[in-house]
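Participant: These are the residues of each chain, in order.
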Amino acid sequence: MGADALGNRPVTAVIVDDHAVVAAGVRTWCAAADPPIELIEAGPDLAAVWTGPGAQAAVVILDLHLNAGHAEFGALRRLVDVGRRVVVYTQAADPETATHCVDLGALAYVTKREGGAHLVAAIQHAADGRPYTPPWLGGALAADTDLGRPKLTPMEVATLRAWFASSSKRLAAAMLRISPKTIETYLDRVRTKYANVGRQAPTKSALVARALEDGWITLDELDG
Amino acid sequence: MSGLDHTVARFLGGLRIAVLVIAATVLATASLLRTTDIHRPLWTQLAAYCAFAAIIIAEFVLLVRGRSWGRARWPALVLAFSASITSTVTLLSGEATGALDWAYGTMGWIGVLLLLDRPIGFLACFLATHEVVTLTTLVLGADGGTELVILNAAVAAIGALGFPFGTGLGATALRALAVTAHRLAEEAEDARTRDAVGAAVHRRRQERFAGLTATTVPLLTGLAYRTLDPHDADVRRACAIEAARMRRLFAETDEVADPLTHELATCADVAERRGVLVELETSGRWPTPPLPVRRALTDAPLAALATATTWARVTVVGTAESVSVDVVADCGPVDLPVSDTAVVELETISEGDLRWVRTRWGTDRSPQ
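Heads up: the sequence lines are chains A and B, in that order.
Okay, so the first sequence: first residue is 1 according to my numbering, each after it adds one.
Okay, so the second sequence: first residue is 1 according to my numbering, each after it adds one.
Read the hints as simulated data drawn from the structure, not as lab findings.
Watch out, some of these pointers could steer you wrong.
To be verified - Sample of chain A residues with no beta-carbon within 10 Å of chain B, all distances over it, derived:
| # | residue |
| --- | --- |
| 1 | R9 |
| 2 | P10 |
| 3 | V21 |
| 4 | G25 |
| 5 | A42 |
| 6 | G43 |
| 7 | G52 |
| 8 | L66 |
| 9 | V82 |
| 10 | R113 |
| 11 | G116 |
| 12 | A121 |
| 13 | G129 |
| 14 | R130 |
Stated by the list, open to error - Not everything, but these chain A residues come out facing chain B in the computed CB check (under 7 Å):
| # | residue |
| --- | --- |
| 15 | G139 |
| 16 | A143 |
| 17 | A165 |
| 18 | A174 |
| 19 | M175 |
From the three backbone atoms N, C-alpha and C, an ideal C-beta is built for every residue, glycine too.
Build the full structure now, drawing on both the sequences and the hints.
Facilitator: So this is what it looks like as structure tokens:
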């Protein structure tokens, strides 16, 4: 992972969150990350991602609830449609919202209850165009009973659950008697399957194409 | 029929049969049947006889069916008096209460038969009215009022009124006994109910605390007798586990939508009070497992959670068919209580200081 798409320059990010304290906290986490992430803009509304320096940021960190009682699904859709890489960062921990964001093309859905490590990992993955599945999202996908959900293998579901339960790839791997690397592969396969169902978006198409190239998944599995 | 009425009916049942037999015998052996050639006119006497017979037959039917006269007694009483007066008035002059007056004695038993289940005052009034009507007829008769006739009537009254009245008094005594017996039976029933409720409550309490007596009581005893040292890390761990178990026990009776998560949350609360950072997350929906299953599901995870040093992650994952409870905690090596493996599956792994405990219950596995 890292900033290979942008050469050796650090990963850049912009955060849209109506709470200044959240932006300040994320800035601290980004600065402490390895490699460091440069938070080039922070703002309380969507202007920050469309104009000024924020428009050039590699990753958009989006608070889903900028206005009380209203989720910014439209803003997420527009950002994904123009090819922006979006990490949803929210306090809303309900599975339907999470799977909807994944369907719309968010590369990660991180709840604010989860620590900075998962947000930083999500930003680093997103800068690289890769999805990241934090433990809570893993649990939400494992419990997804929507009719339109992709068909997951028992091992993929077991991986999502183990990751959700332990929030440690090492422990999850030990529990399932597989390697931590395989855990990551399974998580990526799940996200690729999700990207392949429903609405197509540039980031999602790229995700599926890449998964096929890298051999995570075959065309047969996607058809299932 | 109320409980008391039922008891009274049972007590008076035998007496009622006796009265019916007496009344029927008295009517069947009435002098009328042997003196049909003397009575003029005869048909009024026969009509009165039939009226009495009808009442006795009706009583027989009611008795067989286990019913009482109820409101039908009042028209029956009117019929009886009509028959009795008709018979007395159309009797040959001066024969009232005499050998030819078959209806005089019969009427007393008809009264007992109709008023046996009423207070004794009713029967007393009945007999008094009967006597007054008869005497009035006698005195107003052609040769009424003579000394002999009056004496004769007084002697007849002893048999005709005295025996039925005595029977009525007997019924009254029986009724009083029945009321007492009923009250005593009710009190005994109440006492039995109270005993049963008390025993059930006690049993339930014992069931709830059964787990604690096996684990909490030895711990408290050990602390009280100083055989256990509160500075010992193992003892402190055991105390933390017991505290969580007690909190779970108290939470079991709370009315909540999701008892399993609620019980885990109270255990997490105990750990948080010790400064442990607890993450509690759920995923999916599941049917509420029965209490014994919930205990089996939470026993081992609770021990890991209660002994966590700084951090614990508690997760519940459910589907329509199964539910699993996972606890990952930095509790180090700790003896897990043996969950009932007939009810739940238990998996556990350790890595360094981290311990992962998972219990799973599926509705496809029938609890034994």
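Participant: Now tell me, hint by hint, if it's right for this structure.
Facilitator: How the hints compare with the structure:
1. R9: The assertion about R9 (chain A) holds, with a minimum of 35 Å to chain B.
2. P10: 30 Å, holds
3. V21: Answer for V21 (chain A): holds, closest chain B Cβ roughly 20 Å.
4. G25: Check passes; 17 Å lies beyond 10 Å.
5. A42: 27 Å, holds
6. G43: 30 Å, holds
7. G52: 37 Å, holds
8. L66: 25 Å, holds
9. V82: 33 Å, holds
10. R113: Since the minimum Cβ distance to chain B is about 7 Å, R113 (chain A) lies within 10 Å and the statement is violated.
11. G116: G116 (chain A) clear of chain B: closest Cβ-Cβ about 14 Å, beyond 10 Å.
12. A121: The assertion about A121 (chain A) holds, with a minimum of 17 Å to chain B.
13. G129: Since the minimum Cβ distance to chain B is about 27 Å, G129 (chain A) lies beyond 10 Å and the statement holds.
14. R130: 23 Å, holds
15. G139: 3 Å, holds
16. A143: Cβ of A143 (chain A) sits 3 Å from chain B, so the hint holds.
17. A165: 4 Å, holds
18. A174: At about 5 Å, which falls below the 7 Å cut-off, the nearest Cβ of chain B leaves the hint on A174 (chain A) intact, so it holds.
19. M175: 6 Å, holds
Hint compliance for this structure: hint 10 is the single one not met.
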